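Q: Listed below are the residues making up each chain.
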Amino acid sequence: MLLSGADIIVKILIEQGCDTVFGYPGGQALNIYDSLYAHSNEINHILTAHEQGAAHAADGYARATGRVGVVFSTSGPGATNLVTGIATAYLDSIPLIAICGNVPTTHIGTDSFQEIDITGITLPITKHNYFVNDVEDLADILREAFRLAKSGRPGPVLIDVPKDVQIAKCEYEFQPAVEKEEPFAAKNDRINEAAKIINAAKQPYIYFGGGLITANAQAEMLALAEKIDAPIGCSLMGLSAIPTDYPRFLGMQGMHGHYTSSMAMHNADLILSLGVRFNDRVTGNRQKFATGAKIIHIDVDGSELFKTVDAVCGLRGDVKLTLEKLLPMLKENKKPEWRVKVEAFRQEEESCLDKREGLTPRKVILILNKYLGENTAVCTDVGQHQMWAAQNLNFKTPRRFISSGGLGTMGFGFGAAIGAAFGTKERSVLVTGDGSFGMNLNELATAVRYNIPIVILIMNNGVLGMVRQWQTLFYNKHYSNSVLERKTDFTAFAKSFGANGEAVTTPEELDEALSRAFRAEGPYIIDCKIDKDEFVLPMLPPGGSMDDIITNLEVEQ
Amino acid sequence: MNRYTVAVLVNNQFGVLNRVTSMFRRRRFNISSLTVSETETSELSRITVVFDGDDAGKQQLINHLYKLPDVCSIKEFSDDNSVSFELLLIKMKNETKSREDIRGAADAFGAIIVDYSKDYMMFRLTETTKRIDDFINLMREFTILEICRTGSVSLERSSTTIRQIINL
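Chains as they are written, first to last, in my numbering: chain A, 1 to 557; chain B, 1001 to 1168.
FYI, nobody ran anything at the bench for these hints, they're computed from the structure.
Any given hint could turn out to be false.
[Unchecked claim] In silico DSSO-like pairs for lysine-lysine, Cα to Cα no more than 30 Å straight-line:
1) A/K335 with A/K396
2) A/K294 with A/K355
3) A/K307 with B/K1118
4) A/K325 with B/K1130
5) B/K1067 with A/K307
6) A/K294 with B/K1093
7) A/K334 with A/K180
8) A/K187 with A/K370
9) A/K370 with A/K396
10) A/K307 with A/K196
11) A/K341 with A/K396
12) A/K227 with A/K202
13) B/K1058 with A/K288
14) A/K180 with A/K341
15) B/K1067 with A/K187
16) A/K180 with A/K202
17) A/K187 with B/K1130
18) A/K227 with A/K187
19) A/K196 with A/K425
20) A/K187 with A/K334
21) A/K180 with B/K1091
22) A/K363 with A/K487
23) B/K1091 with A/K294
24) A/K227 with A/K363
25) A/K169 with A/K187
26) A/K325 with A/K396
[As the list claims (entries may be wrong)] Cβ pair distances, simulated, as ranges:
27) A/I167 with B/N1011: 45 to 53 Å
28) B/E1038 with A/D547: 51 to 59 Å
29) B/N1030 with A/P183: 35 to 43 Å
30) A/P247 with B/R1163: 24 to 32 Å
31) A/G292 with B/L1155: 45 to 53 Å
32) B/E1043 with A/F113: 55 to 63 Å
33) B/N1002 with A/P243: 29 to 37 Å
34) B/E1038 with A/P176: 49 to 57 Å
35) A/D269 with B/R1163: 28 to 36 Å
[To be verified] Listed next, the stretches of chain B that the computed footprint assigns to chain A, with coverage defined by at least 3 CB atoms under 8 Å from CB atoms of chain A:
36) 1015 to 1026
37) 1119 to 1126
Keep in mind that this is a model prediction, so the values were computed, not measured.
Every residue gets a Cβ at the ideal spot worked out from N, C-alpha and C, and that includes glycine.
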């Protein structure tokens, strides 16, 4: 079949099982959009308000489904607007394909109108990228891009397609969707070594991250935890992998993690780490991090081993396959003393939980929990609200907590919630702050246009809360540019875009508003007023260790 | 700080040198010399990089280079297991008072005159990096007009090749 480059792009997306793309047209993407027009019954294109929103939507779609998210843009500013979205996906290892139009090859390098070197710009934030010179290479490049995006440690791949390559024709033949590279288990000698260390451990602790969800190794991890009687904690990216109420699960650890999980990790004699990368937000001061523990690190990406912490045993391989091999080599083992210790940490945590009356941040999330279905994806932006959500949300199903972990992208959540709603075909939730929401609230136009049911819960304190928290604690309360002093009426904003919304100030009002929001047909904003001096606690101060943990704060007004 | 010599076998495509050197930039390694050329097959290019750093950083860099889809294999060289040479072209001012001294020194190092006029002499020297450094230092006694050196090229002392470790 003789097809144009633009048609080949759309055909390959269909061939690879992609049914939804997000994007924004423009001069150098017109041919691609013309092909979309012709294939609109086979592939669904979601037009966002801004390319950044489209990139986050494709990312949210990928996180919610485990499939490859796809985003389109035109050249120049269209392509540069994708950059934050691509970087967000890169840092969190999300499979994403970005296809950009560019000026014709004859114009490349002449600073033509809307010409930009997007492959150069995205070099450090993609797994790989391609500039397509010749339409004959296009199909192979696209298939290779899908294979790369989802294989091993997933990540974004960008393909830059000049306009003349979109127009030029070549033969296209259908091929079945590419498979990801065959996963492999770690080497046997390493697994033997790890088994010995685990069998000798008295106070083992399991720490997992997003890699566990990618490898779909939840069952193997839980079987292992049961067998060796170990408590479990996770990084932000690991949240939702296993149900929050799983008895061994102590919650997220790290700078704003649960006291119990952070203390258990700090006191462990063995940390079995699965699909994690020991980010500084998890370890705090790396020199003082879990000094009494041996670290076993299993990751599909060998470059993560020994990168930031000194593991005694690094195993490069698929987490699921490696755990399958490791499991039979472990001795069944009960550790009552370790259990008692962990239980004591749990009681300490219980005693410092925020039990104040009124619309406290914790209360906001606990009320939200009542409305979440098994399949509801909760997306967040970045800041205090993100941490409160991570600490207190109740998860039941994997891939239902969607948050920018590595890059910490404010403005991520709305696009992601749009993508997640398309991915799950259900109502999604955006927990955000007034600062983060202000960054990409233009996407309300998208949510209204496609009538996407999204509950938007703005934890509105009139300040950049996390910045303020640091300024309070470490910058002598110099609230430099963190007080918003805006006069935005989010309810009126919702109405002006064709959505609904309301403001709440008490737990009862929030409860009622949520019951309306979860019945609404389209997007629904809840402007939830909270105090500007709420803190995210506990907190590991930057550069500190567990000995410096702050669990309680009374700040003079 | 240690000095490392690493050969990277890559797909011979535009942009690939940028991908490889960008990895050095991101890890803040300063490249002290770099050579690139096609190999025994036109599909592959060989990049030889000499840089300074510490062991942990170097290992991290190699791990990250391996993640680039265009990187086929990587080999690290030490003085013991490899042969390394570079090429120097050096242009000296030709003056009566120094002419014989320069030619004598060049002879001692095995540098060959490749161009000669009444104002200047150009020498070529193929030697180890150390010997080339020594020669240049010696020439500093006289008037150096211009220097150009290629950077190291290295091969392992054995019948095994870098291609044999493709797809680790």
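Q: Confirm or reject each hint.
A: Hint check results:
1. A/K335 with A/K396: 27 Å, holds
2. A/K294 with A/K355: 37 Å, violated
3. A/K307 with B/K1118: Cα-Cα ~59 Å, so violated.
4. A/K325 with B/K1130: 51 Å, violated
5. B/K1067 with A/K307: 15 Å, holds
6. A/K294 with B/K1093: 64 Å, violated
7. A/K334 with A/K180: With Cα atoms ~39 Å apart, A/K334 and A/K180 exceed 30 Å; violated.
8. A/K187 with A/K370: Given that 30 Å is the threshold and the Cα spacing comes to 45 Å, the pair is violated.
9. A/K370 with A/K396: The given pair, whose Cα atoms are some 12 Å apart, holds under the 30 Å limit.
10. A/K307 with A/K196: 23 Å, holds
11. A/K341 with A/K396: Roughly 27 Å separates the two Cα atoms, so the pair holds.
12. A/K227 with A/K202: 13 Å, holds
13. B/K1058 with A/K288: 24 Å, holds
14. A/K180 with A/K341: Not satisfied, since the Cα-Cα distance of roughly 43 Å exceeds 30 Å.
15. B/K1067 with A/K187: 19 Å, holds
16. A/K180 with A/K202: 38 Å, violated
17. A/K187 with B/K1130: 41 Å, violated
18. A/K227 with A/K187: 22 Å, holds
19. A/K196 with A/K425: Answer violated: A/K196 to A/K425 is near 46 Å, above 30 Å.
20. A/K187 with A/K334: 28 Å, holds
21. A/K180 with B/K1091: Given pair A/K180, B/K1091 is violated - Cα atoms ~56 Å apart, limit 30 Å.
22. A/K363 with A/K487: Given that 30 Å is the threshold and the Cα spacing comes to 26 Å, the pair holds.
23. B/K1091 with A/K294: 59 Å, violated
24. A/K227 with A/K363: Answer violated: A/K227 to A/K363 is near 36 Å, above 30 Å.
25. A/K169 with A/K187: 47 Å, violated
26. A/K325 with A/K396: Distance ~27 Å between A/K325 and A/K396 Cα, so the pair holds.
27. A/I167 with B/N1011: 45 to 53 Å: 27 Å, violated
28. B/E1038 with A/D547: 51 to 59 Å: Holds, since B/E1038 and A/D547 (Cβ atoms, about 58 Å apart) stay within the stated range.
29. B/N1030 with A/P183: 35 to 43 Å: With Cβ atoms ~37 Å apart, the hint holds.
30. A/P247 with B/R1163: 24 to 32 Å: 54 Å, violated
31. A/G292 with B/L1155: 45 to 53 Å: Once the Cβ atoms are compared, 48 Å apart, the range 45 to 53 Å for B/L1155 and A/G292 holds.
32. B/E1043 with A/F113: 55 to 63 Å: Since B/E1043 and A/F113 have Cβ atoms about 36 Å apart, the given range 55 to 63 Å is violated.
33. B/N1002 with A/P243: 29 to 37 Å: 49 Å, violated
34. B/E1038 with A/P176: 49 to 57 Å: 36 Å, violated
35. A/D269 with B/R1163: 28 to 36 Å: This hint is violated: roughly 45 Å between Cβ atoms.
36. 1015 to 1026: holds (count 5)
37. 1119 to 1126: With 0 residues in contact (Cβ-Cβ under 8 Å with chain A), the coverage given for the stretch 1119 to 1126 of chain B is violated.
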